[in-house]
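From the two separate chains plus the hints, produce the assembled complex.
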Amino acid sequence: MTEIIEKLILYFQYPFVRYALIVGILIALCSSLLGVTLVLKRFSFIGDGLSHVAFGATAIAVAMNLTNNFILVLPVTIISAILLLRTGQNTKIKGDAAIAMISVGALAVGYLIMNMFAKSANLAGDVCTTLFGAMAILTLDDGTRIWIGEYPIPMKVFMCAVLSLLVIAVFMIFYHKIFAVTFDEDFSTATGIRASVYNLMLAVIIAVVIVLAMTLVGALLISALVIFPALSAMRVFKNFKAVTICSVIVSVVCAVFGIFLSILVATPVGSTIVVVNIIGFLIFSFAGFVRRGFSG
Amino acid sequence: MPQLTCKNLTLGYEGKTVISGLTFTVNAGDYLCIVGENGSGKSTLMKTILKLKTPMSGQVILGDGLTSSEIGYLPQQTVVQKDFPASVREVVRSGCLNRCGFRPYYNKAEKQMAEENMEKLGIEQIAKHCYRELSGGQQQRTLLARALCAAGKIILLDEPAAGLDPKAAVDMYALIEKLNAEGITIVMISHDIDAAVKYATHILHIGAQKVLFSGTTKDYVQSEAGHIYASGGSQK
Ligand SMILES: Nc1ncnc2c1ncn2[C@@H]1O[C@H](COP(=O)(O)OP(=O)(O)OP(=O)(O)O)[C@@H](O)[C@H]1O
Ligand SMILES: [Mg+2]
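As you go down the protein sequences, you meet chains A and B in turn. Positions 1 to 296 (the numbering used here) are the ones given, in order, by the first sequence. Positions 297 to 532 (the numbering used here) are the ones given, in order, by the second sequence.
Okay, chain B solo, but in the shape it has when bound (with noise of 0.2 Å):
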């Protein structure tokens, strides 16, 4: 059984459909890219998927065994009012959470998974910085290793390289293909169409209203939808 099904979905805001006909299926160790231009829908997608809004039709059927509370999430954007005092520590460790069911406090294994998290993203020497207070990667970093803690079974990633520097880019793909390779589930949303043709096992190509594409990343480089958005991208 899949982990993920999503059984002809139709998603949009206030009666506006933005896209329809949304069938795909992630299994376990699956490295699935979601790729379409801006404002196709890939966000309102991630965020059905999530359960963080329902869809005008359809369904999405956790399976294989997969619960909420085994899943971690990037957003694109997050809203954080101004002057809330969060340290970068405090943020990540929040990712562990959904571990601790009813125990109150973290224990010694999530609080020493938080601080190698740190590590990976090289975000240990600001541990102690306010949340607020850093630059626009630095949060991305931040959210990025809250993320990887909270994902038990499957991590889902909303344009995770957005604001990086392209030394920092390369380190967080291969930081995500070796939790591929541990065998956690990724969906990821991504403009970069060469990371997302190398690293990927599937690609779902979202266009206008439509599904353009949906299949593994060897038959979408051999097809219609693939070739044009690989061009329309290498010519930039």
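Next up, chain A with everything else stripped away, as it sits in the complex (with noise of 0.2 Å):
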């Protein structure tokens, strides 16, 4: 046991892991935000698509030798977003085609790219990461800095909490209104909320969190970063509030575990945040089936 303390106090006395493990934390808190919303409107397919859309867009910026993959991705991931609510809104099974067909192709055209123009020898590496997200948590440093006061933060992750607590505030002044649209997307308009606002609103902030969740865990697995921690809160509670603070705190959980148990046996971050989710799932489950053994 004080063999692992120890490990960890060495661990953290690099500032790249404390980043690291901060990050971790703000991605893992907003993309479970959402994850509610995104499985009861039925947007997870959406997010598969965009991830590999994502995927398509990380490709070209490996190949166009961008330091900030960021410049690129989440403008592209955003107008994905919204070209995607817009066709699923008009005839559903073409909206479901659509993204098929988009998804699929981004990430053909995405590998086609990296091996045509990506100057890194270790190409089937590049792949793996962009995929699976980092074999360890150093990759966040890509040598740029801002500097805040008289410390040199690297750009990325700068970035990633400057985005994160933004979908965090929005997600925070909007949430009764991202209740409401949710619930009953007719009463909302009739009564007066702009519900297609809001829904374009959810787009964008949906495209933010899988370009964030992207650099954590890696494009095929967003989803589960975004659902499972949902999915586990919606096993126990029945009320939006509840089931809202429970996932927050689940995926928190979950990322930090990951990430601890990812420095301790040397596991790649993302697969192992993933797992420690799919196990928190599990528990979850169990608690609610002996909750309404009990109940009822």
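Quick caveat, the hints were computed from the structure, so don't treat them as lab data. All figures in this text were calculated on a predicted structure; none of them were measured in a lab. Since no wrong hints were added, every one of them can be taken at face value.
Beta-carbon label-pair distances, calculated as ranges: (1) Asp-461/B <-> Pro-75/A: 53 to 63 Å; (2) Asp-515/B <-> Leu-83/A: 46 to 56 Å; (3) Gly-325/B <-> Leu-83/A: 42 to 52 Å; (4) Pro-75/A <-> Gln-355/B: 35 to 45 Å; (5) Val-517/B <-> Ile-245/A: 55 to 65 Å; (6) Gly-418/B <-> Tyr-151/A: 56 to 66 Å; (7) Asp-379/B <-> Tyr-151/A: 38 to 48 Å; (8) Ala-97/A <-> Asp-379/B: 19 to 29 Å; (9) Arg-86/A <-> Pro-400/B: 19 to 29 Å; (10) Leu-72/A <-> Gly-335/B: 45 to 55 Å; (11) Asn-68/A <-> Glu-412/B: 46 to 56 Å; (12) Leu-83/A <-> Lys-407/B: 32 to 42 Å; (13) Lys-407/B <-> Ala-97/A: 42 to 52 Å.
Under the rule of at most 27 Å between Cα atoms (straight-line distance), these lysine-lysine pairs were calculated in the BS3-like manner: (14) Lys-349/B <-> Lys-41/A; (15) Lys-424/B <-> Lys-241/A; (16) Lys-378/B <-> Lys-238/A; (17) Lys-514/B <-> Lys-303/B; (18) Lys-416/B <-> Lys-238/A; (19) Lys-424/B <-> Lys-378/B; (20) Lys-424/B <-> Lys-41/A; (21) Lys-241/A <-> Lys-416/B; (22) Lys-177/A <-> Lys-378/B; (23) Lys-506/B <-> Lys-303/B; (24) Lys-41/A <-> Lys-347/B.
The beta carbon of each residue, even a glycine, is placed where N, CA and C say it ideally should be.
Below you can see the structure in the form of structure tokens.
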């Protein structure tokens, strides 16, 4: 036990490990906030499609040798989110097909571009990293720095932190409106809540969350980070507020555990966090089962 | 100026006309009851008034200072996805949202109003229950309480008595009458012709493709349409 603590203390002397933990917690927090809405509005499918788009955009960023791929990936993903939402609203089946087409297409094009233009010698490694997240938590540091007072903060860490705080703020401000629009869009529209504006806002937030989550767990595992905490919380709680709070706690706890675990046993961060989330889901399913068993 | 004006409306789905030639007005304080057979287009009309659907032709005009954030609405059917985690209180409070404007949270008065409306409909004991796990009648009361919260000047109700037990239905009509006495305009769809004639000041009777009657309740009782429908109703 002391050995484990010593090892962790040793690691946390490095600033990049501390940054990784802070960014990990923030990303886990904001990705879990929208889980309920995503699951219930059947946006989870869009989320999946978008993560593939984000992968494609990342591939292009890598090929273009951009140091900060956010500049490209974020706008591309946001625009795709808005477009997908539009098609999804018009005709349901065609919308689903469009998502499937875009997501598979983006995956193929992304890999092709990486193959053709990437200068890196370790192509398989690069692809694997974008799909499944970094091997270790070091990669948040791309060398560029932003100075806050006298502290040099890695650019990407800074952007992740700012974006997650933004998502959290928007969610808190529009919490009741998001609830109303998710619960009953027709009633909201009829009584003067501009549901289409909030849907657009949700699409943008989802895109931001996906780009953020990609830095933590990679393109293919994003949905797990977004959806598992909400599903876990919904096993036990039956109102929106409790489910939201619970899924935030579950997500943050799982992320912290996952990061610690990945340091101690040297596993990839992303998949470790997801596995911890799966274990969390099993525990909550069991708790929900026991609870229902007692009450009825 | 009337609160609501419908001018020569034609309603339909995918090019197929359901009803045409709808022209009527609703003034502040009116109690309008819309009657007609199943499938005659009553719910479609209500959705058009609420701008949830665009008419094939014609116009819906809100007047007399009425804006869409002063409208309460009880839909005939609400599709809520399975497993939606929402308590009765959360659903009822969401009716106050159109009063908030840019304010992100409910104020004391709005929370108070939600509690009062839950009491009026006898659902205060189940305030913490999950909406999805309620009976049909309890869900209907919850949505009615939400509609009451949203109704600043006018409330549109699509078959509010559907699914309520007889006593609850009587209570509900009394509640709506009281609301009307307080100055809220009522537009209600109902198959209960006796209640319609008893409470409403105006009646709109729509039949296959066209309007059968539009005017005051007093005239309706004397009219041909009123006779046919009322006797058809009592034969059941
Ligand atoms: N979404 C839709 N798509 C196509 N046709 C529809 C749709 N909704 C309703 N209709 C058709 O429009 C007509 C009017 O429907 P509406 O729901 O307005 O009837 P209603 O008067 O409210 O009937 P009820 O008394 O049963 O509630 C019906 O013939 C119905 O088949
Ligand atoms: Mg109807």
